[in-house]
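Peer 1: The residues making up each chain are set out below.
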Amino acid sequence: MKYRSAFDIIGPVMVGPSSSHTAGAVRIGRVARSLFEKQPKKVDIHLYGSFATTYKGHGTDLALVAGLLDFDTFNERIPDSLKIANEVNMEVVFHEEGAIPEHPNTVKLVLASDEQTLEVIGVSIGGGAIEIKEINSFKLKLSGDPAFLVMHQDKFGVVSCVTSILSKYKINIGHMEVSRKEKGDMAIMVIQVDQKIEDAVLNEIKELSNVRGVIRMVA
Amino acid sequence: MFRNVAELVSLAEQSQVKIAEIMIRQEIEVSGRPREEIIAKMEQNLDVMEKALERGLSGVKSQTGLTGGDAVLLQNYIRSGKGLSGNLLLDAVSKAVATNEVNAAMGVICATPTAGSAGVVPGTLFAVKEKLNPTRMEMIEFLFTAAAFGFVVANNATVSGAAGGCQAEVGSAAGMAAASIVEMAGGTPRQAAEAMAITLKNMLGLVCDPVAGLVEVPCVKRNAMGASNALTAADMALAGITSRIPCDEVIAAMYEIGKTMPSALRETAQGGLAATPTGRRLEAEIFGEPKGKLKDYLVASIS
Chain A
1 MKYRSAFDII
11 GPVMVGPSSS
21 HTAGAVRIGR
31 VARSLFEKQP
41 KKVDIHLYGS
51 FATTYKGHGT
61 DLALVAGLLD
71 FDTFNERIPD
81 SLKIANEVNM
91 EVVFHEEGAI
101 PEHPNTVKLV
111 LASDEQTLEV
121 IGVSIGGGAI
131 EIKEINSFKL
141 KLSGDPAFLV
151 MHQDKFGVVS
161 CVTSILSKYK
171 INIGHMEVSR
181 KEKGDMAIMV
191 IQVDQKIEDA
201 VLNEIKELSN
211 VRGVIRMVA
Chain B
1 MFRNVAELVS
11 LAEQSQVKIA
21 EIMIRQEIEV
31 SGRPREEIIA
41 KMEQNLDVME
51 KALERGLSGV
61 KSQTGLTGGD
71 AVLLQNYIRS
81 GKGLSGNLLL
91 DAVSKAVATN
101 EVNAAMGVIC
111 ATPTAGSAGV
121 VPGTLFAVKE
131 KLNPTRMEMI
141 EFLFTAAAFG
151 FVVANNATVS
161 GAAGGCQAEV
171 GSAAGMAAAS
181 IVEMAGGTPR
191 QAAEAMAITL
201 KNMLGLVCDP
211 VAGLVEVPCV
221 KRNAMGASNA
231 LTAADMALAG
241 ITSRIPCDEV
251 IAAMYEIGKT
261 MPSALRETAQ
271 GGLAATPTGR
281 RLEAEIFGEP
291 KGKLKDYLVA
301 SIS
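Going line by line, the protein sequences match chains A and B. In terms of my numbering, the first sequence is numbered consecutively and its last residue is 219. In terms of my numbering, the second sequence is numbered consecutively and its last residue is 303.
For the record, the hints were derived by calculation from the structure and aren't laboratory data. Treat each hint with caution, since some may be false.
[Claimed, not checked] Label pairs and their in silico Cβ distance ranges: (1) A/139 - B/276: 37 to 43 Å; (2) B/37 - A/42: 26 to 32 Å; (3) B/14 - A/172: 58 to 64 Å; (4) B/137 - A/77: 32 to 38 Å.
No residue lacks a Cβ here, since even glycine has one placed at the ideal position from N, Cα and C.
In isolation and in its complexed conformation, chain B is listed as follows (with noise of 0.2 Å):
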């Protein structure tokens, strides 16, 4: 079993395979299933990540009316012909948007490493599949590759945001795309390792502050940057650049911020954005009373 990213690249270079193939073996041996049925069961994960993409293309709104809506906007924008950063690149946002709207609208999602992040993996894997034209099995090995490297990130790090802030979430998960596009584009498993390394460096210290405490605002919009992110760190790596912080150290790093990031900015409610005047007043008009302010709490934390 690999316990790191180190361990998983040369792994799969001694073997001459995919990560994700490293992973798909790791299944086998871990839960004594067969391999058809570990790719059916990933294929059904996948199936559910392309019904709520289409569901959140065609519309949805939360309960809050906070978020929904987004997705289609941009997919008018890039029909307009207008979009200056590239079609490819706003078609992943869109859809990492999509999918987020949906989880915000109580709906069902895949959850990629958690259903607040569950945005970014789908979005990109749906967007680069337009240019790559991959097989629907290249499409499983997309969400196996990115379970590799987040199985290394939940088992030495952590993928709550409670524990360690939205670059617990959305950072991982953005790493965990960068490395599945840069295998399915073609490159090596140190490139997909470098792509890992160099989106997460670009999420450390990113707080969790959910507005009223909603997986709504600001996180839909952060599965969005997620998704760019991870594209432009993908091509980054698949242009021959690379990390001079090795991904393990980087993994280790995001932990060691996420453990000394204070508890107000850790999915409390409590600091950043929700802590704003009108992110309280979002908070006081959804849930009627404002929640116990910050110094409230932390005087109650040392009582």
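Same shape as in the complex, but just chain A (with noise of 0.2 Å):
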């Protein structure tokens, strides 16, 4: 099931107009935020479907942005997000593509600063709701239960150790990922679990060797 909680469907609390447009759209921008871990120099934009066509009348553009600048979605500065943005130095670039994406609501961001680039592909799905696509072309497949992304070395028993510490926990795993680029090279793992995860568990898995980092993807 795509929607788990009541409060997916009341809520969220946002500032309008839409809320696959503005509302799902600051959270897309603010997951790629928190995966970049900092603020980017500099944001390429590309919108497809209905967010390339519609996206100035719904704000689309000021909520990505917004979520770029790890603004929550009830953030009353939205709006000026743009500027916003300008002030603090992040440049950013819109693109509307005609290439059809599977989903209307279909946006990929790409966040560069001088030493990194990371490219984040997201769709809105309706009612505030989203879903991460692709991380830097790892395919993923994310819905609303609690979530969290590893970032870690290519190598044998790192997996293991990810889960002994969930299992520490007594935290059930509902569905799990694990892809690479290459073999050897950096890896991810998304892991989608039955309930909260307490920060003391990610700063555990965090410390791990072999781990080169821990996003929560879903709260």
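With the hints as a guide, bring the two chains together.
Peer 2: Structural data, given as structure tokens:
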């Protein structure tokens, strides 16, 4: 099931005008920002489908940038986000793409700083709910369950170290995916669990050798 | 976990509780959070709805000037005593409009189930409140009941205008509201489901064709009619009228219709009212240049 909570239906509390084109867009921008772990210098925003045709009317541009600035969906400064991005020297370039995506509300964000780039493809599926489809070409499948992402070295035993910690805290895994670009290179684990994950658990995973980073995707 | 309306109704009947209670119990189980926390969170949403509604009733204007002020006109009209369709109905309509006018003005609202359809549930709730005098807890339950029905639609069909047209947004919101009104008025879970079915049946096929891509025209007035549809259907269900087509099948029909709806009529601002001469003129006035025509869009889709 895509939706798990009553608050996916009654909620979010947000700045208008559209849950999918505004609130969902803020959330996608914010996930990308938290994956990047800092404010990017430049962001290329590629809009597809309904996002490409109606983004100005729905404030999707303002919302994505607000998310990239780490604002929440109810932040009253969302209407001023483009101005704020300019003030904090975050360059934003919009691209209206003609390609027809699988889901009409699709966006690709390419975040860049001097030393790194990150590509995130997100979809706003309705009512403010989002799905992150790809991170740096890694294909993901996330829904509303609490989930986190582990960036790690592709090496034997790392997966079992992470799952041992979850088992120690009696956390059940509902869905898990592991993918990598090349053997021995950077790999990503996406783990969906059945209950709320405390910070202590994530910190313990972060301490593991061969783990480069842990990011909470869905609280 | 309930997967459809039939299961939701039978769960409520078996345990002899309201649908709201089934939703609350499920939320406790899924989130692992205590009941008080869940109730408190829904009360915060209720507070946001009340504030948005009050703001709209005092008069707002969107940045484009396309919407705003109609909630005030309706309240003045109600006070004049000349209303034909009954004060409760007009009050619900004005409060639905108020909420969506605030949304169009980029104000803070609570999505129910989406922002574009955020007026129907609070609009009907705060109008029915005047007649039924519910406790605060009963108002919170109204929202949980609405959530339960919306949950079924979102998981089995869609609540996104881009995916299923306005029937998926305002249609779902109106169905959710109708079910909640029935429950607040003392109707059975089964009657709540009938109200949802009757409402949604009468919103099938409604397209999403926002002028200039803005959540303003016709969205605000679609919320008005969603509220009015919900109240009428709730009264019908409370009178003992049932839907010949079961609620779950109506939801499935809505989804099928949404999937076959052309892209031009699903929140792309390419067809319907958005493509009328006036719609295009307003778009040009707001954004300066007209967007690609429908034909160009279809050619681009094929190539």
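Peer 1: If a hint holds in the structure, say so; if it does not, say that too.
Peer 2: So, going through the hints one by one against the coordinates:
Taking 37 to 43 Å as the suggested C-beta distance range, the pair residue 139 of chain A and residue 276 of chain B conforms, at roughly 41 Å. The supplied range of 26 to 32 Å is broken by residue 37 of chain B and residue 42 of chain A, whose beta-carbon atoms lie about 41 Å from each other. Distance hint check: the CB atoms of residue 14 of chain B and residue 172 of chain A are about 27 Å apart, inconsistent with the given range 58 to 64 Å. Taking 32 to 38 Å as the suggested C-beta distance range, the pair residue 137 of chain B and residue 77 of chain A conforms, at roughly 34 Å.
Hint compliance for this structure: hints 2 and 3 are broken, all remaining hints hold.
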